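J.: Just so you know, the sequences run in chain order A and B.
The numbering used here numbers the first residue of the first sequence as 4 and each following residue consecutively.
The numbering used here numbers the first residue of the second sequence as 1117 and each following residue consecutively.
Since the hints were made in silico from the structure, they are not lab data.
Just so we're clear, the structure is a prediction, and the values are computed from it rather than from any experiment.
We put the beta carbon where it would ideally sit given N, CA and C, even for glycine.
Be a bit skeptical, because a hint or two may be false.
Distance condition first, Cα-Cα at most 20 Å in a straight line; then the derived EDC-like pairs of lysine to aspartate or glutamate [to be verified]:
1. A/Lys-56 x B/Glu-1207
2. A/Lys-194 x B/Glu-1423
3. A/Lys-194 x B/Glu-1426
4. B/Lys-1301 x A/Glu-196
5. A/Lys-250 x A/Glu-81
6. A/Lys-250 x A/Glu-37
7. A/Lys-194 x B/Glu-1207
8. A/Lys-250 x B/Glu-1377
9. B/Lys-1427 x A/Glu-249
10. B/Lys-1427 x A/Glu-196
For each label pair, taking beta carbons as the anchor points, the in silico distance ranges come out as [stated by the list, open to error]:
11. B/Ser-1235 x A/Phe-9: 54 to 60 Å
12. B/Ser-1235 x A/Arg-186: 52 to 58 Å
13. A/Ser-20 x B/Ser-1238: 26 to 32 Å
14. A/Phe-9 x B/Ser-1271: 51 to 57 Å
15. B/Ser-1149 x A/Val-289: 47 to 53 Å
16. A/Thr-234 x B/Ala-1375: 37 to 43 Å
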Amino acid sequence: MFTRLFVIIAVAVAYFSFSAIFKKRKISTFVGMEYLILGFLLSKFPLGQGLLKPLLYPFLGWIGLLIGLEVDFHYLKELPRHFLTKAALWAVGLTMVMALGLVLLTGNPMLSIFALALAPISFRVTSHFIPSRGIDNRTVLFFVSILPFFILLLFAGAQAVTLSPLSTVYMICFSTLFAIFSRALLSLNHKPEGLLLVLIGVIVLLSETCAVFQISPLTVSFFAGVYLANTCKKCDPIYRDIAADEKPLYMLFLLLVGMLSGIPDNPEFLFSSLSIILIAGLLRFVFVKVPWFNLKTHPWAYFMAPGGLSIAIGTDIWIQNGGTFPAAWFSSFLVAVMILQAIGVMAGKMGDDK
Amino acid sequence: MNWRAIGSLLLNIIAISVLFFLILTGSSTVSHSAAIAPYLALGFLIIVAYLTGILARELGFPALTGNLLAGIVFGPSLLGFITKSNIHSLEFINTIALSFIALSAGGELKLKSLRENASVISGITLSHTVLIFGGTLVAMVSFLNISGIQGIAGSRIIWMASIVLAVVAVAKSPASTIAVINEYKARGPFTDVVLGVTMVKDVVVLLIFAVSMGIIRGISGAAPFSLSFLFHTFGDIFLSIGAGLVYGGLMILFYRFVAREITVFIVIAAFLANELASFAGLEQMLMCMIAGFVVQNFSRQGALMIEGIEKSHLPIYVIFFSIAGAGLDFSYFGSVYILVTLFVLLRVGLIFFSTFLGAKLTGASPAIRKFAWTGFLTNAGLTLSIAIIVEKAFPDWGRPLKSIIISAIAINQLVGPVLFKIGLVKSGEVRPQSGRDR
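Pulled out of the complex, with its shape left as it was, chain A reads as follows (with noise of 0.2 Å):
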């Protein structure tokens, strides 16, 4: 009970506390990742981690939703083409290469499985180190907010080819199933707190059913975010809501994610903690200097943080194929984002000052 009490109180003066060391460091893009260093810390108490895991299912729903809701058809038609090939690209480029990178350098095929994961790039601190003047500057902003969009179209790509057929048709179900369920619920006239609190039952009935059914719940929540997006009238305040509680719940999500997976101490975690950080540190540099991109305009760190929907995704390939590979690979992953992230912000900001 004591372990309980002191993990809720160092829980507590975390979070009130690191964001105003990091804002008063004028480095707030940080924020975020301190919460997976204290997660990592925590692990080594005996606190149910069991019984914590299937709380790792509705945070993932919440960011599909999140990143779903943010999907409009009808801008996304106005874009011009190159945009969509552009992102397209990335993702789909940056993420093979990466898989090979990595199985050339760990001899170690099975590892290749987080290369996609490693392929977003942080809008949170793009946007926070670019401003949005100017149509250089909003053209790379408008390339790095889309890109979330094409890597989870290639993440449920990649589940539908690799997956059992029956896990592809729960997946279209469920997605479908709940859209429609979610979007006449929410036509139903609600005060913005009751808004909120049935979107909070949607995402957790619909990322324990995936749980139950060994789905993404990252993947089924986007595609539901994405039919509410473009159907429902009311997803504007839908999505303020849930943006307005975001600290919190990324704090409470990456805290999960430090505790459940933990840090080992032995020479395999090292090892493929630094090659992840080689390979996706040196091919992300590389695809940010290629010139088709027009990202090369601006320095090069400011694209090295991948960002939380790297980790969701991450933590999604984790939950589903937990038991076919070591936890240290995920612990490994996760520091090589986290390193990448410190990357990104602080040599963002050297250059910023310069």
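Here the structure of chain A is known, so what remains is to put chain B in place on it, guided by the hints.
T.: Okay, now just chain B, sitting in the frame of chain A:
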């Protein structure tokens, strides 16, 4: 009444129930971790309880009655969508919610209004304690002697069981009272008196129970009557009050120097209070009520705390009351319905009479005299704890007694909030609202 809205709500409730039934049926065909089931049930319960809450409001009932009904209908007593093991796993949410509700109760109480209504509050509390306890004891001893309930026979056991029922009759549920007050945003002397009596009675019931247990142990011969049990309870109460004062002080410091993310803070504060109380063996409800009271009355940050509470109370109430509803067990009702009905009716009568008398003797307003009794009918957590403690101490007669108490709680929880809402409206401290206001 908006029949179109009612129809649409019913359709949605049926649709989500069918969907959940299909998921449950499908889930039995695939292997998955048992730890997932409670959260799956929670997702369903949140949606369905929220919808039944709005439906209840559309039909003129408090939303919490709808939440409770959703729990009862889909819980183990009826449809069985939510199993007993799910409820057991989700109980930790309820203990946290209870801290939150107690903080809210303390926060709603203003010292100025307490001072103004001190005589009425103490008059009603005293009259409740004496008349309800005495009346129930006499009536139950007589009834049990005449009727004879299986497992409760023999003069000593009848006396002991009647003492417990008398304590239960005095007890009430602060959570339901606060929920109805918050839902209808009731403000005024009537609300203050009901809240004040609720808060004071929480302490009084703990004391009466401690004395009663000492007497029961003496009667049963399990232990000679001793004052140590009473001293122990007094110690617990004083410690809880002290802890509440300190905790309230710490909350004030937060509101004064940090004052960010007040909604998140109040949830964390409730969570932490629950853990602290369990760790130190304190009375969780009392400690939180005092803490809320301190923030409201001994700082300028009371409004900030209430703002945080109001922003987050809907999910907490929906989850709390739906799980509480699912936990209500009606399976015993068939075997003890005569005694339960008699006990419930007797309790209502005694509450009405003692409230009226206490209010009249202390010169309370006509609204309080006529309608304040409606605020004292519900009983839940504390009453259930009493039943569980007695069952553990005296399993022979404690078990049948527990089934009687649980059945009575179920009825009181369903009827109490509805009557309290009527009382609030009649007192003029709330205006009737439609479900859309929720």
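J.: Against each hint, give a clear statement of whether it holds in the structure.
T.: Structure-based check of all given hints:
1. A/Lys-56 x B/Glu-1207: holds (18 Å)
2. A/Lys-194 x B/Glu-1423: holds (17 Å)
3. A/Lys-194 x B/Glu-1426: holds (13 Å)
4. B/Lys-1301 x A/Glu-196: Holds, at about 16 Å.
5. A/Lys-250 x A/Glu-81: Between A/Lys-250 and A/Glu-81 the Cα gap is close to 32 Å, so the pair fails against 20 Å, i.e. violated.
6. A/Lys-250 x A/Glu-37: holds (13 Å)
7. A/Lys-194 x B/Glu-1207: Answer violated: A/Lys-194 to B/Glu-1207 is near 28 Å, above 20 Å.
8. A/Lys-250 x B/Glu-1377: Holds: A/Lys-250 and B/Glu-1377 sit about 10 Å apart, inside 20 Å.
9. B/Lys-1427 x A/Glu-249: holds (16 Å)
10. B/Lys-1427 x A/Glu-196: holds (8 Å)
11. B/Ser-1235 x A/Phe-9: 54 to 60 Å: violated (46 Å)
12. B/Ser-1235 x A/Arg-186: 52 to 58 Å: Between B/Ser-1235 and A/Arg-186, where Cβ atoms are some 56 Å apart, the hint holds.
13. A/Ser-20 x B/Ser-1238: 26 to 32 Å: violated (44 Å)
14. A/Phe-9 x B/Ser-1271: 51 to 57 Å: holds (52 Å)
15. B/Ser-1149 x A/Val-289: 47 to 53 Å: Between B/Ser-1149 and A/Val-289, where Cβ atoms are some 41 Å apart, the hint is violated.
16. A/Thr-234 x B/Ala-1375: 37 to 43 Å: About 40 Å separates the Cβ atoms of A/Thr-234 and B/Ala-1375, which means 37 to 43 Å holds.
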